[in-house]
Each structure stands twice: as C-alpha cells, then as structure tokens.
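Protein chains in written order, with our numbering: chain A, 1 to 481; chain B, 1 to 95; chain C, 1 to 476.
Be aware that one or more of the hints could be misleading.
Pulled from the structure, derived: some chain B residues nowhere near chain A, Cβ distances all over 12 Å [unchecked claim]:
no., residue
1, V67
2, E74
3, Q85
Think about it this way: if two alpha-carbon atoms lie no more than 30 Å apart in a straight line, the pair counts; the simulated DSS-like pairs of lysine-lysine are [unchecked claim]:
no., chain 1, residue 1, chain 2, residue 2
4, C, K202, C, K171
5, A, K232, C, K387
6, C, K72, A, K386
7, A, K232, C, K16
8, C, K202, C, K164
9, B, K43, A, K386
10, C, K440, C, K390
11, C, K79, B, K9
12, C, K390, C, K456
13, C, K207, C, K225
14, C, K357, C, K387
15, A, K84, C, K202
16, C, K79, A, K333
17, C, K341, A, K333
18, A, K143, A, K26
19, A, K106, C, K456
20, C, K302, C, K116
21, A, K261, B, K9
22, B, K9, B, K43
23, B, K43, A, K333
24, C, K79, A, K90
25, B, K9, A, K90
26, A, K90, C, K130
27, C, K202, C, K172
28, A, K387, B, K9
29, C, K18, C, K302
30, C, K302, C, K72
31, C, K341, C, K171
32, C, K164, C, K115
33, C, K18, C, K202
34, C, K116, C, K18
35, C, K116, C, K130
36, A, K232, C, K53
37, A, K333, C, K440
38, A, K232, C, K357
39, A, K232, C, K79
40, A, K232, C, K341
Hints in this document: simulated from the structure, not taken from any laboratory.
This one's a predicted model, so the numbers in the text were calculated from it and none came from an experiment.
Where a beta carbon is used, it is the ideal one built from N, C-alpha and C, also for glycine.
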Amino acid sequence: MLHKLTVTELSKGLKNKEFSSVELTKHFLDRINQSDLNAFITVTDDLALNQAKAADAKIANGSAGILTGIPYAHKDIFCTTGVKTSAGSKILDPFISPYDATVSHKLNSADTVMLGKANMDELAMGSSNEKSYYGPVKNPWDKNKVPGGSSGGSAAAVAGRLSPFATGTDTGGSIRQPASLCGITGIKPTYGRVSRYGMIAYASSLDQAGPLTQTAEDAALVMNVMAGFDDKDSTSVDRAVPDYTKNLENSIEGLKIGLPKEFFSEGLDSGVAETVMAAVKEFESMGASVQEVSLPNSAHAIPTYYIVAPCECSSNLSRLDGVRYGYRCEDPKDLEDLYLRSRSEGFGPEVKRRIMIGAYALSAGYYDAYYLKAQKVRHLISEDFKKAFQDVDVIMGPVSPTTAFDLGSFTDSVSMYLADIYTLSLNLAGLPGMSIPAGFSNNMPVGLQLIGNYWSEELLLNAAHQFQGQTDWHAQMPEGV
Amino acid sequence: MSLSEQQVKEIAHLARLSVDDGELEQTTAELNNILGLMADLAKIDTEGVSPMAHPLNMSQRLREDEVSEIDQSEAFQAIAPQTGQSHFLVPTVIE
Amino acid sequence: MAWETVIGLEIHSQLKTKSKIFSGASTAFGATPNSQACAVDLGLPGVLPVLNKEAVVMAIRFGLAVGAKVNKRSIFDRKNYFYPDLPKGYQISQFELPVVGEGEIEITTEDGVTKKIGITRAHLEEDAGKSIHDLYDDYTAIDLNRAGTPLLEIVSDPDMSSAKEAVAYAKKIHALVQYIGICDGNMQEGSFRCDANVSIRKKGAEKLGTRAELKNINSFKFLEKAINLEVERQQDILEEGGSVVQETRLYDSVKNETRSMRSKEEANDYRYFPDPDLLPVEVDDELLQQIRANLPELPTEKKQRFVGELGLNDYDAEVLTSQKAVADYFEAMLEVGADSKLSANWVMGELSAILNKNQIDIEGCPVSAQAFAGLVMRISDDTISGKIAKDVFKAMWRGEGSADEIIDSKGLKQMTDSSAIEGVIDEIIANNVPQVEQYKGGNTKLLGFFVGQVMKATQGKANPKQVNQLLNEKLS
C-alpha cells in the first residue's frame, strides 16, 4: 500500500531501505497506467525508472536528500528538457522543450523522480480541467465531477494516490481550488517566492508555482526545494528561504484569525459554509482567536482579474505563432494564413476568448477604461488586505463557493468565472494562500482557505500542520484507492 | 460598452485569430457577456489611486554585461516547423 | 507657393554591449544565422527577460551628454504586433517613462550656421531579428541573431527645416554616440539607423502638415536624398490640391525613390502596456554620479579646448572634433610632439584627401598617427619642405617606411647649407642674364621664376625660405 503513504513516510521508508525508489516508481507507474482519471498528458516511464535507479544509487551510497527517489507529477506547464511540454494546448502539442524550467531543474537536483506531465486546463485557463486539449480530468471522489483547475491533473493525481505529490501553478486559484475540490493540500506562495522561469506564462504578474500534497508537512518539504531566488526571473525575490519544516510543530495558541465577512455572503453553498466554520472552530479550540475582518473590494476581484489576466495573456501568447516551434497549420498560403490558422486551430475557445478580451482591453481608446482602471482597483484590493493584516495573522474562508460540480455543467464562461470569487484577490495582491481539507459536504471534499501576509508561508504551513494534527480530513481517500 | 460584430472582427485580427462569419454572432455574444462582468468597474472610485502593475513594490535587478549563452541553434531548430540551412522559414513576406 | 519643411528624426543606435539587453547571448555581428539567438531571444515558452546593466548605463551616458533629464524611474512596456522577426509577438520598449527625457544638441550646418535641436527623449528597446526575402524562392528566412540587441532610440523634436540640417543633426548624434563609447556607428551593418518624419506646411503656418515616416535609410547621403525626394513628393501632391497621407515609406536607394509600405499600413494598434516580466528601473544618485564621472570629454568640450589651448580656429576645431576617430588621431599626433596647427592642416588636407579618394575610414588608415606625426615634425624642423613632404607621405602610404627612412633612402633632406644654395643661385643668375635684367628693371614678379629654377636644380631640396632670402640679396 505504498501509494497511501505521505512524502514524509516514503522518505523514511526509502532511507531505511524498506523499499527502493525503483519499486516505488514502478508501483506508481502501474497505478497511473491503470487509472481512468486522465490525470496525465504524458507518462515518462523510461525517464522515471532511470531517475529512480540513480536515486537508489544515491540512497545506497548515503548521499541521498530528503526527496531523493520520491516520485511526483509535474504540471505540464513547466518546461522539461526532451519531454513534451504542451500546457494542455494543441498549439504546443508538438513542443518538446529544449530546456528545463528552474523548478524542473530544482526538482531534478533534489533527485526526485518525474512520473509524467500532469493534465491541466489549456494554458492554465479554466477552473474545471475541462478545457484541456487532452480531455477532461475526473475527480477521484466522483468520476462524474470535475477535479477543479487549472492544476486539475496534479490534484487528481495526488488525491487518487497516483503520485505522492505534484507541482501546480496558481494564477487565480489554480492550485487552491483543485486542492479544495479534490480534498488535498495545496499552497500558492507569495509572488516572487518560486521562480517563474520556464513556467509557461499565463498572466505574468499573477502566476506563481507551488506544490500539491496530502499534508502540510509534505508541502513544507517540497517548498524547501521549489522556493528560492532565481537570477533568470526579474520578478523573483532575493530573500532567504527558511526551512519550512522547522516551525511546523509550533503552537498556534494566540493566532489571530480573520474571517472576511464578504466571503460568507450570498452565493456560498451552505454545506461549504458549515464545513468551513467547523474548521475555524477547530482552530479556536486549539487556542486561536477569531474576529471578523472586511475586504470591501473583494467583489471587484472578478472584473479586475478578468481584465488584468487576459491583457497579460493576450500578449504572452503572441509568441505561439507557428514560426519557431509548436503547431503550424498545414500548407499556409501566406504569412497571414500561417498566423491565423495556426493560432485559430491551435487554441481552444476559452483561450481565444481571453486573448480577445485582453487585446480589446489594451487597445487604443479602451486602455484607460479597462486595463488602467483594473490596475487601480487592484491597488484597492491589495490595500484591503494590508489593512486586515494589521489586525490578524491569518485570514480564513472558503476556497470555492461549492464542492466539485458535475462535468459539463457550466456552459458559459461567466458563471465559471464567478466561482473564482474567493481565490482571485490574493493573486492580485501577490499574497500566499493555502487550501487544506476541512471536511465533506454531500460526500465531496471541502477546502479551507488560509491567506497569509507576504512571506508568511511558514506560518500558513504551521497552522495547517497543527490543524492536520487534530483532524484526519487530509488522510481521507476516495473509495477504491 | 458593448462590442459590435465589426469590432470583434478587428480585435480577432489584432490577435491573429480568425472568427468565421458563422461563429461571429456567438463569439460577439460571449465576449459581450464577459464584458458585462466589467461594467461595475467604471463605478468604482479610484480617484488618486495609482495603478498596480506588479504585486510587489520592487525595482528591476540589473544583470552584468556578460555573454553566458552558447550556440544551441541545432537543438532549437530541431523543434521548428520549418527551417532552411540555419534559418526559420515562413511563406514569403511581401514588404 | 512657398513651403517650409519640418523634419524630426528617430535614430536607432545599437548599443555596444557584449551581451543582449535581456539575455546573455552575444551581440557580435556576422555570426552564423541563429547561432546567437538563445532561448530568451527566440521567445521560447516560459523564458523571461533580465535587464543588462550596461545598456542602462549607456543610455544614461547619452542622456548626460545631451544635458537631458535622466529619469530616476523608467518603465519597460510591450509594443504588441506580429511579425516573423519579432519572436515574442511584442517588442520590449519604453513608452510612457523612457530612461532619458528632454535634452538638446547644437548643430552646425555646412554654411556655418549653428542651431539648437531639441531631443524629445531617448529610450531603451530591443532590436528585432532579420527577415531575408531573397534566399529562398517561396520563403522568407528568419535570422534572430540580432533579436534582443540593445537599441537606444533617440527621438528629436521636429526642429529641422531642411535635409541638410537633418544630416548635420544625424552626423552630430553619430559622432556623439561614438565619442561616449555607446555605439560603433557602423551604418553599413545597421548599428546606426535613421528614420525621418517629414512634413511640409505653407510658410508661416503654425499647424504642422501631415507627416510621412521614411525608413530604411543607411547612409547620410541617402538621408539627404530621401528627405529631398519626400519634400518634392509632398509639394507636388499639395500643389495639385491633394492631401498627404500619414504613412510609413520605404526608401529605395537603388531606384532613388520612396514607396509606401503597405504591409505595415493597416491601422497598427500596438497595445502598449507595462511589461509584467520587468520591474521599474530605478537609477540612484550613486550610479548617476559614477556614470557622470566616467563620461569622456564630449565633442563640444574638445572643440573648445582645441580653440582655447591649441589656438586652432573654430572651423578647424569643428572639423577635427566632428568624428571621434579623427580627433583621436589628431591628438595622438600631438602626443608624439607634432605641432598642433601644422598637424591640423595636414590631417584636414593631405590625409583626409587620400582617405576620401580611397574610401577608407581613418581607423583603417595605413599610416599611423605616430608615423604621420613623424612626417609633420620633419616639416617643422626644416628637414623637408611641405612640397617634399607630400611625396614622402605618398611613399609612406605605399608602405615604403617611416618618414625618416624615406627621407634618408631617397636623399630628400632639405639643403640648409647656405653656401651650397648660394653656389646654385650664382650659376642660375649667370645662365639667365635677360631675366636678371628684366628683374632689375622692375619686373619683380620674376622672383618666382628664379625660385622655381633653384628648386628644380636642387630637386626641391633647398629650403624655400632660404632661397627667397638669398635671391633677394643677390638680385638687389
């Protein structure tokens, strides 16, 4: 039952030679190959076994690190040398990356074993993983439901115990929301904490990578590897990385928790609200204090985000033009035809909509009303948090208004966008946030969102770990795993 | 503000995306539906508020002027849709 | 009808950094296509730009040199458009907040008139790659080696009113960027490129006319021609009652015409916005001080020094300082000990004539400044006459040796022994009795004849001053 173990447990088992990395890797590869979750776009069997062998050699000669030999699922948004990096899009279906993302490099240097590239909403745009060129991912708790997105493959892989941990990226909730919907732990660090180099950009000022794991302790272990300054990323911050495992056992007595009243108003499913409040009570019982805070501009996060992100993506995705790499249409009759058909055939409808919204919001005559206005409102949203954090240490609330919804239940973009209401604002502000399993509603997992001040990942992981010491929601597994 | 079909065509072209005449009506409706979300923005008082282009208040780090890259053109061209001897190729551009 | 021309220039100056503005790839010219285009230059998915410090330093150096305001905070924006040699589908440039703000520069036109030309701004941006249309039959070939080379775009105010002024301004900027070591100025290789915004209006009218932007001008000669062509074209249109269309026109130096660039004609909406991959550039006082302290002597300062300290006239000082390489050559001559005025004459005279004739830049001159100074010094110390010096210089040009070696081997040393010269003069007086009589009868113009005879007899080696003096004595 190796697949049920946490990273922490697997690390001990490998070190004590209870099993080898090759055994572990084969076990997970078998599970992946038998799985019908569609969590992976590419399974890298040979590469994984080679990495596992190398890891076993290190374990044998005593030079292993904590993550040596631990398999993981890598979101297909991170460039990986010699391996297809599609970001869930047809336009990058032919793209075999000639280079490694910094995160890929760091994970390789830590001797981890890449099982494959995890499925995702096309170019990280979506909250259900139904927008992947490679088909939707299924929620392991109910295969008729979505796993969330855009890191849906990553979340499903961890929840379905196809991988001990996974990487994800979060531009507007893409780590936290699927973690919530799949009943696992996910953290989006402070903007600038993890290098964006080699991570296919959706919205550059919002994107941030982080791990999806079973537990907060595992998340701390993986954060120790992923985080850190990178001179290849101008927005990476040169700031020492703490050992995230060091303060996990600290008491949270006296922790001041803020509940934004705006997060508990209309639109929030009552079952989710009850589960979240029960989790907050648990924190209170552990010695934390709870008070109401206000984020008056949080409702504006939706229009603000859905202008800023499309503006940036409309420009970021211009490089996908069929000239130097990626998909090119057949027999272009001229350059114009090459551009139009490569891009129109290569991008899915949601991506095209966002590109067009962005192009419009930046165009002459509309820039001030849309782009500039949104960036001003963004400032207001960020000020709200600044004020709130003068009174509290952590803000808590729901991640998503509902539990996982049925595949195919959303037919229009707007209603899907509205479901991002609780996650968008901290990307706009650049703050760190987590989702941890908090219970169930209608037999589907509910996540609790923890939002911290800048660079407070240690505190978030500490609070989450303490919670997980008192509860076993994170240890629950879908039937049949 | 709502988009006309003509505007949608122009925007699509700016972004080098083609919208067939058959899709135009639906695409326009979808985009207008999304833009409807943004209508409230105009009502927010942002007098004196500076735009926030970056989440962190930092300045640009400067790199020393050193050549650190080696020639990897072979690897890069191996993944290109079409190349000549050492060029990327596109259908002839008329200037 | 009387028209007046209004011209503003946009100069793209490639900065002389070793690596590109946002990547660590080399900027060297002439490498195998695409061998210097790294992942960042190719715009691979996921790559990010990191700003080259030297590019910022060079831009500031320019700002200080034209007395411009250097913005302590500047922003990089994205200029969005699709073109195959623009890998990311946007060019990283500076739109709202450039690194260099308003400044000005003084030009002197050929007729010696000086005029101040305003500089609107100068901003940093990345160069695009190259599209080659004639390499393959059905394809355009893309070479991205140039993509990401740092450019300083220097935008002038519309202060020039003739093609000549535009050329004088362009030359002045050309000299300046080389002076301050930020650009190699090589126009053939495209390191220094001019776009001209040209419009005309009725004399005295206040409102500017509709302008056309002329592109693809790679020499000063073409700049002048292109502007004059464009002015004529616009005059024809207006005089026939038409109106000028705002557009980009390509100058074709072969056909000597400008033509509309239809491909770039469609309403370009560049959708500028701050590049989220780059943060605001902040220039602190310390860096500014450091750059100021390291700024070399500027052409105007040098010119003033040449006039004040070396006693050169204004014109000579202007010519000698108009190109850094010429000024360097001249100053290297003085360092060896050559006389300043004589050196100035020789550099602007013989040297520049032969360089022009052979179409060689002074950097490629086969006669080094030190060697040339050796020649000038032999004139100063009366070893040879100016006339003989011209022959010696020709031999030096052909690589026959130093001035001294040539003077020795050919026995060109000037005769300064007055008794020897006297001997020659006596002989000539004896052989030209009629002329002597005419001279003594008042036809003093004949002195030239006698000098000529003496020089001929001495194969030009007699010191002309001595010859004149002795002849005067003997014939009186």
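Here's how the hints hold up against the structure:
With a minimum CB-CB distance of about 15 Å to chain A, B/V67 clears the 12 Å threshold, and the non-interface call stands. Its beta-carbon lying about 10 Å from the closest one in chain A, B/E74 breaks the requirement of being farther than 12 Å from that chain. No beta-carbon of chain A is positioned within 12 Å of the beta-carbon of B/Q85; the least distance is around 16 Å. Annotation: proposed proximity of C/K202 to C/K171 holds, straight-line Cα distance about 28 Å (limit 30 Å).
With a C-alpha separation of about 65 Å, the suggested pair A/K232 and C/K387 falls outside the 30 Å cut-off, and the hint is violated. With a CA separation close to 27 Å, the supplied pair C/K72 and A/K386 stays within the 30 Å bound. With a C-alpha separation of about 22 Å, the suggested pair A/K232 and C/K16 falls inside the 30 Å cut-off, and the hint holds. Of the supplied pair hints, the one linking C/K202 and C/K164 holds, its CA atoms being roughly 20 Å apart against a limit of 30 Å.
This hinted pair checks out: B/K43 and A/K386 have alpha carbons roughly 23 Å apart, not beyond 30 Å. Taking the CA atoms of C/K440 and C/K390, the gap is about 34 Å. The hint is violated against a cut of 30 Å. The hinted pair formed by C/K79 and B/K9 meets the criterion: a straight-line CA distance of about 21 Å does not exceed 30 Å. Distance hint between C/K390 and C/K456 is fulfilled; the C-alpha atoms sit about 16 Å from each other, no more than 30 Å.
Using a Cα cut-off of 30 Å, the hinted pair C/K207 and C/K225 holds, with the two alpha carbons roughly 25 Å apart. Between C/K357 and C/K387, the direct Cα distance comes to roughly 20 Å. Compliance with the 30 Å bound is thereby established for this hinted pair. A distance of roughly 63 Å separates the Cα atoms of A/K84 and C/K202; the hinted pair therefore is violated under the 30 Å criterion. Using a Cα cut-off of 30 Å, the hinted pair C/K79 and A/K333 holds, with the two alpha carbons roughly 27 Å apart.
At most 30 Å may separate the alpha-carbon atoms for a hinted pair to count; C/K341 and A/K333 exceed this at roughly 67 Å. For the proposed pair A/K143 and A/K26, the alpha carbon gap of about 25 Å is at most 30 Å, so the pair holds. With a C-alpha separation of about 87 Å, the suggested pair A/K106 and C/K456 falls outside the 30 Å cut-off, and the hint is violated. A distance of roughly 18 Å separates the Cα atoms of C/K302 and C/K116; the hinted pair therefore holds under the 30 Å criterion.
Taken as a hint, the A/K261 and B/K9 pair is broken in the structure, with Cα atoms around 43 Å apart against an allowance of 30 Å. Proximity of B/K9 to B/K43 is assessed by CA-CA distance (about 28 Å); at most 30 Å being required, the pair is judged to hold. A distance of roughly 47 Å separates the Cα atoms of B/K43 and A/K333; the hinted pair therefore is violated under the 30 Å criterion. About 26 Å separates the Cα atoms of C/K79 and A/K90, which keeps this hinted pair within 30 Å; it holds.
As the CA atoms of B/K9 and A/K90 are separated by approximately 23 Å, the hinted pair is consistent with the 30 Å bound. Distance restraint check for A/K90 and C/K130: the Cα-Cα separation of roughly 28 Å lies within the 30 Å cut-off, and the hinted pair is therefore satisfied. Straight-line distance between C-alpha atoms of C/K202 and C/K172 comes to about 29 Å, which keeps the hinted pair within the 30 Å bound. Of the supplied pair hints, the one linking A/K387 and B/K9 is violated, its CA atoms being roughly 44 Å apart against a limit of 30 Å.
Using a Cα cut-off of 30 Å, the hinted pair C/K18 and C/K302 holds, with the two alpha carbons roughly 28 Å apart. Between C/K302 and C/K72 the alpha-carbon distance is near 29 Å, which keeps this suggested pair within the 30 Å criterion. About 25 Å separates the Cα atoms of C/K341 and C/K171, which keeps this hinted pair within 30 Å; it holds. Restraint check: the Cα-Cα separation between C/K164 and C/K115 comes to about 12 Å, which is no more than 30 Å; the hinted pair holds.
For the hint linking C/K18 to C/K202, the alpha-carbon distance of about 48 Å lies beyond 30 Å, and the restraint is violated. With a CA separation close to 33 Å, the supplied pair C/K116 and C/K18 exceeds the 30 Å bound. At roughly 35 Å between alpha-carbon atoms, C/K116 and C/K130 are farther apart than 30 Å, so this suggested pair is violated. Between A/K232 and C/K53 the CA atoms are separated by roughly 14 Å; this keeps the pair inside 30 Å, and the hint holds.
The hinted pair formed by A/K333 and C/K440 fails the criterion: a straight-line CA distance of about 94 Å is larger than 30 Å. Using a Cα cut-off of 30 Å, the hinted pair A/K232 and C/K357 is violated, with the two alpha carbons roughly 51 Å apart. Annotation: proposed proximity of A/K232 to C/K79 holds, straight-line Cα distance about 22 Å (limit 30 Å). With a C-alpha separation of about 55 Å, the suggested pair A/K232 and C/K341 falls outside the 30 Å cut-off, and the hint is violated.
Checked against the numbered hints above, the structure violates hints 2, 5, 10, 15, 17, 19, 21, 23, 28, 33, 34, 35, 37, 38 and 40; every other hint is satisfied.
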